[in-house]
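Visitor: Let the hints inform the model, and build the full structure from the sequences given.
Protein chains: 2
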Amino acid sequence: MFDNPIFIPGPTNVPERVRRAMNVPMEDQRSPNFPKLTLPIFEDLKRVFKTETGKVFLYPGSGTGAWEAAVTNTLSPGDKVLISRFGQFSHLWGDLLVRHGMDVIALDVEWGEGVPLEDYARILNEDSNHEIKGVFACQNETATGVTSDIAGVRKALDDAGHPAMLYVDGVSSIGSIDFRMDEWGVDLAVSGSQKGFMMPTGLAVLGVSQKAIEASESATCNRCFFSFDDMIKTNKDGYFPYTPATTLLYGLRESLDMIFEEGLENVFARHHRMAEGVRRAVIDGWGLKLAATEPKWYSDTVSAIYVPEGFDAVAVLRIAYERYGLSYGAGLSKVAGKVFRIGHLGRISEIQLLGGIAGAEMAMRDIGIDVQAGSGVAAASEYYRQTAAPIAIAAE
Amino acid sequence: MFDNPIFIPGPTNVPERVRRAMNVPMEDQRSPNFPKLTLPIFEDLKRVFKTETGKVFLYPGSGTGAWEAAVTNTLSPGDKVLISRFGQFSHLWGDLLVRHGMDVIALDVEWGEGVPLEDYARILNEDSNHEIKGVFACQNETATGVTSDIAGVRKALDDAGHPAMLYVDGVSSIGSIDFRMDEWGVDLAVSGSQKGFMMPTGLAVLGVSQKAIEASESATCNRCFFSFDDMIKTNKDGYFPYTPATTLLYGLRESLDMIFEEGLENVFARHHRMAEGVRRAVIDGWGLKLAATEPKWYSDTVSAIYVPEGFDAVAVLRIAYERYGLSYGAGLSKVAGKVFRIGHLGRISEIQLLGGIAGAEMAMRDIGIDVQAGSGVAAASEYYRQTAAPIAIAAE
Numbered sequence: 001m002f003d004n005p006i007f008i009p010g011p012t013n014v015p016e017r018v019r020r021a022m023n024v025p026m027e028d029q030r031s032p033n034f035p036k037l038t039l040p041i042f043e044d045l046k047r048v049f050k051t052e053t054g055k056v057f058l059y060p061g062s063g064t065g066a067w068e069a070a071v072t073n074t075l076s077p078g079d080k081v082l083i084s085r086f087g088q089f090s091h092l093w094g095d096l097l098v099r100h101g102m103d104v105i106a107l108d109v110e111w112g113e114g115v116p117l118e119d120y121a122r123i124l125n126e127d128s129n130h131e132i133k134g135v136f137a138c139q140n141e142t143a144t145g146v147t148s149d150i151a152g153v154r155k156a157l158d159d160a161g162h163p164a165m166l167y168v169d170g171v172s173s174i175g176s177i178d179f180r181m182d183e184w185g186v187d188l189a190v191s192g193s194q195k196g197f198m199m200p201t202g203l204a205v206l207g208v209s210q211k212a213i214e215a216s217e218s219a220t221c222n223r224c225f226f227s228f229d230d231m232i233k234t235n236k237d238g239y240f241p242y243t244p245a246t247t248l249l250y251g252l253r254e255s256l257d258m259i260f261e262e263g264l265e266n267v268f269a270r271h272h273r274m275a276e277g278v279r280r281a282v283i284d285g286w287g288l289k290l291a292a293t294e295p296k297w298y299s300d301t302v303s304a305i306y307v308p309e310g311f312d313a314v315a316v317l318r319i320a321y322e323r324y325g326l327s328y329g330a331g332l333s334k335v336a337g338k339v340f341r342i343g344h345l346g347r348i349s350e351i352q353l354l355g356g357i358a359g360a361e362m363a364m365r366d367i368g369i370d371v372q373a374g375s376g377v378a379a380a381s382e383y384y385r386q387t388a389a390p391i392a393i394a395a396e
Numbered sequence: 001m002f003d004n005p006i007f008i009p010g011p012t013n014v015p016e017r018v019r020r021a022m023n024v025p026m027e028d029q030r031s032p033n034f035p036k037l038t039l040p041i042f043e044d045l046k047r048v049f050k051t052e053t054g055k056v057f058l059y060p061g062s063g064t065g066a067w068e069a070a071v072t073n074t075l076s077p078g079d080k081v082l083i084s085r086f087g088q089f090s091h092l093w094g095d096l097l098v099r100h101g102m103d104v105i106a107l108d109v110e111w112g113e114g115v116p117l118e119d120y121a122r123i124l125n126e127d128s129n130h131e132i133k134g135v136f137a138c139q140n141e142t143a144t145g146v147t148s149d150i151a152g153v154r155k156a157l158d159d160a161g162h163p164a165m166l167y168v169d170g171v172s173s174i175g176s177i178d179f180r181m182d183e184w185g186v187d188l189a190v191s192g193s194q195k196g197f198m199m200p201t202g203l204a205v206l207g208v209s210q211k212a213i214e215a216s217e218s219a220t221c222n223r224c225f226f227s228f229d230d231m232i233k234t235n236k237d238g239y240f241p242y243t244p245a246t247t248l249l250y251g252l253r254e255s256l257d258m259i260f261e262e263g264l265e266n267v268f269a270r271h272h273r274m275a276e277g278v279r280r281a282v283i284d285g286w287g288l289k290l291a292a293t294e295p296k297w298y299s300d301t302v303s304a305i306y307v308p309e310g311f312d313a314v315a316v317l318r319i320a321y322e323r324y325g326l327s328y329g330a331g332l333s334k335v336a337g338k339v340f341r342i343g344h345l346g347r348i349s350e351i352q353l354l355g356g357i358a359g360a361e362m363a364m365r366d367i368g369i370d371v372q373a374g375s376g377v378a379a380a381s382e383y384y385r386q387t388a389a390p391i392a393i394a395a396e
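As you go down the protein sequences, you meet chains A and B in turn. The letter at position 234 of the first sequence is residue 234 when you use our numbering, and the numbering goes up by one with no holes. The letter at position 281 of the second sequence is residue 281 when you use our numbering, and the numbering goes up by one with no holes.
The set of hints was computed from the structure by calculation and includes no laboratory data. There may be inaccurate statements among the hints.
[Said to hold, decoys possible] Straight-line alpha carbon distances no greater than 25 angstroms define the calculated DSS-like cross-link-like pairs of lysine-lysine that follow:
hint: 1; chain 1: B; residue 1: 233; chain 2: A; residue 2: 338
hint: 2; chain 1: B; residue 1: 338; chain 2: A; residue 2: 233
hint: 3; chain 1: B; residue 1: 233; chain 2: A; residue 2: 334
hint: 4; chain 1: A; residue 1: 233; chain 2: B; residue 2: 334
hint: 5; chain 1: A; residue 1: 334; chain 2: B; residue 2: 236
Guide: Take a look at the structure:
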């Protein structure tokens, strides 16, 4: 198998710098020097989450772990919560809420759309007794490539004068798409190491507001591994309540350095540009449809692409993998067999993406889908060429 | 800082082979090839746990995560459980039980001793209504270097005809000290990646019996991230309920290969030999006392060493770290300042250990402790020499 990049929406391609940074011997996580590694990481994570007043916790775990940490620390069994479901991951978060005993109001939205702001506004307005304790929103639904308007959710809460906490799944957005924890009044911000942080899987990353920390003092869900209290007590001195995933902390140090060297806003702009090229390939080049039904939902980290009626997206994936050594994201649950997904987040270049677009073209043509050879690459590459950083090009 | 090995009782020194094995690019954890990595790992872990009928689950997490997984999947709030506490880690597990709402019978035992078999036998015999649902035992208390007799706990259960499940913390024993999940009827066997598995921190490893799986079907503790049910459904095909820590899986593949190339029983014998050398240094060389009060409690993975009355073990640790670049384990909680610990588990050689023993001698002498220079090294090295594999040595 050749060393092709992967085009799944996470884990993303780990930069060589980060891989080298993680190749370290083990050390004592209780040593006097350990906080020199950890304390600056905690501060820099706050810059990525755009919070000055909150905290960011790191657990050995996955995004699912961060979901669970957010819920079990701040809510009590029987609490009423509001969530909307429009893809595999918003569904799974809703399922986790049920399993932890919450009284869940789940709004089922067409897959391809995002958080229904008017419905949220209406329900929050009607909830004059403030029975709803938590409002849940998936900023970027990885299954469909849909980005929702979190500022809009905050506005719905504020307009209703509603005190519920705001929980945001930013697993496939934070570090790639603008996220403003303080400005949007996000109380729990869920992320993981394997997306915008350009790291291997293994770290759950959770932003927590002061309001959430206060809520944790009276919330009665049982928890221990994910306890905020234990984290707060030990993190303040640069330590952890149990052995942390040390190699990943070194990788995170390096990936944070890369993010700030490039500039966080530049990282977002790059993600937008990479994504827009892929969308040009899909829509203008291939004449296919994205799962995201309208431009306002387009995700800058992942595009879910419908294969034409009568074709099986699983066959595209299988051929791409077996014949060309390429991994795209599969369609999950309701859209299994209908879509395949191109991840364009983390450290990925236009040149790598053009290879991925070309591979998708080949696999689609192999099963008889009528896309023109080179059409996606042409559409994307023209866009990339037009938007590349200007440098002097000799006329002759 | 020189590249000294660490002498803490985990994380242990990661062998070069394992470090190289983990330096891999990310891949699709849903690809058709992924089970070729994972399914043999599941089988080989069962060989390490010595179970044919049980399963071994891997979570992104730590030992604490595996503790929580064991408890929340198999018990219900209010269940009566029996635990004995004789060190930081058995205390913390007991604390976790309280936090998850269990009705905990906690037997406080002198630190330096292990599971009190007679007390367990008596309590289990008296519990004729079988109200106790879980019996908890720490096979190796890392804080004091005490190994308990798990076969003895099983015998106490059997003699009483008691059906409670048996929960064993084997974090710092499994893969280093003999552990027999099936033979001893262990239902939940807790471990982590960073001890006998010679890996970085980041994986919770949990052995689960069929009886435990059946119990999980009616246990009512809320859980999602650690759910056995989700693991069983996805593991059977070589996948996971959420993104696994892929790099660590590659490291685990390599470390399992190393364990089986050496032979599991040889690994145990090597640990015993390394440990015995350290004990000779402590007792015969330095004339100091181990925290373990009797030879039957001696741990083959970690030795906790009392500094003489009037001296501060923290000073030994500080000097060792700052002056000689050495990390030993600190005394925790009740024995803070009184003991320091030498970890001798995972991939560590007699030569490395002799360096660690020499460094401890120097640091102790630096603060005025009356140990003779070279005395520990002499006692340990004579033992290592006598027990080294026989090879031809020229007479002249």
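Visitor: So, for every hint listed, does it hold in this structure?
Guide: Each hint tested on the structure:
1. B:233 x A:338: holds (24 angstroms)
2. B:338 x A:233: Holds, at about 24 angstroms.
3. B:233 x A:334: OK: residue 233 of chain B and residue 334 of chain A at ~19 angstroms, within 25 angstroms.
4. A:233 x B:334: holds (19 angstroms)
5. A:334 x B:236: Holds. Residue 334 of chain A to residue 236 of chain B sits at ~23 angstroms (cutoff 25 angstroms).
The structure shown violates none of the earlier numbered hints.
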